[in-house]
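Visitor: Quick mapping for you: the protein sequence lines, in order, are chains L and U. Going by numbering that gives the first Met the number 0, the residue at position 56 of the first sequence is 55; the numbering climbs one at a time, nothing skipped. Going by numbering that gives the first Met the number 0, the residue at position 51 of the second sequence is 50; the numbering climbs one at a time, nothing skipped.
The hints are simulated quantities; they were obtained by calculation from the structure and are not laboratory data. Any given hint could turn out to be false.
Given that identical chains are not distinguished, each listed pair holds provided it fits within a single copy or across any two copies.
Claimed, not checked - Under the rule of at most 25 angstroms between Cα atoms (straight-line distance), these lysine-lysine pairs were calculated in the DSS-like manner:
#	residue 1	residue 2
1	68	82
2	102	52
3	7	113
4	82	113
2 protein chains.
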Amino acid sequence: MIQLNFSKSGGLVPAIAQDYQTGEILMLAYMNSDAFNTTLSTGKATYYSRSRKTLWVKGETSGNIQRIKEIHIDCDDDTVLLKVEQLGGAACHTGHRSCFYKKVEDGSIRITEKPVFDPKEVYET
Amino acid sequence: MIQLNFSKSGGLVPAIAQDYQTGEILMLAYMNSDAFNTTLSTGKATYYSRSRKTLWVKGETSGNIQRIKEIHIDCDDDTVLLKVEQLGGAACHTGHRSCFYKKVEDGSIRITEKPVFDPKEVYET
C-alpha cells in the first residue's frame, strides 16, 4: 500500500507530468487520494480540479489522454511524478504541447512555442 | 514585470527543478513572491520553506546550490519550472541525486537509486 502525505496542502499533492521519452515537462496539476488511486488503477492520469472540485481524467474532453508509463514519489511522499505518453500531441488547454511555454527572458515573458491545436475546435465554448 | 498568481495556494506557487542538461526532475519546492524575485536577481534557486516559514537558498547548508539556466512559467501563471545546474551532484536532503527516487511498482515502492552523499556528513545533526 502506498501512503502519500496529503496533509500539507489540504488533501492535495502536486503531480508533475513528464513526457516519458523526451523528458519534457508537460504540466503540473493536483491529486487527492481518489485521483491518485484512480490513476494507479486505470493507467490514465487523473487529477483533482481545484476550480471544479471534482476528479478530472486528463483528456476526457480533448481526447489528449496521458497514458501512465511510470509513477515516482518524492522523498517526503508529498509530490508525484508521472512519466506519461501524451496522446494528441499536447497537454495544455491552450493547445500548446507543454503548459510551460512562457520563458522568462530579461525580466519579461517570451512565448517559446506555437500551439499544436486550436482550443476553440477542441473545447465547446 | 512578471506577475505570478500566488492566490491559489496561500501565497505560494510550486516550483519544479529540472536538470538543464539531462531533463531529470530533481525536486519540487515552493516559492512566495520574495523567493521568486530573489531567484531572478541572484541566479540561484531560492524557495520558501513551509516548515521553517522562511526563505531558503537551496544548497546554503549542503553547498548543493542550483544555478539557474532557464525559468519557465505555466499557462495560468501559477507554477514555475527552473532548469538548473545542480552543484554537488545531488538535490535531495537524503543524499539522492533526485528527490523522486521512489518508484511505484506493482502497488509498492522500489528505491531506484543510491545516495550520492551521506546526509550525516553534510548536515549538522
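Visitor: Each hint: holds or not?
Guide: Consistency of the hints with the structure:
With identical chains, the CA atoms of residue 68 and residue 82 are at most 25 angstroms apart both within one copy (5 angstroms) and between copies (23 angstroms). Taking the closest pair of Cα atoms, residue 102 and residue 52 never come within 25 angstroms of each other, the shortest separation being 30 angstroms inside a single copy and 28 angstroms across copies. In this assembly of identical chains, residue 7 and residue 113 lie within 25 angstroms of each other by CA distance neither inside one copy nor across copies; the values are 36 angstroms within and 27 angstroms between. Taking CA atoms no more than 25 angstroms apart as the test, residue 82 paired with residue 113 passes in both settings, with 23 angstroms inside one copy and 20 angstroms between copies.
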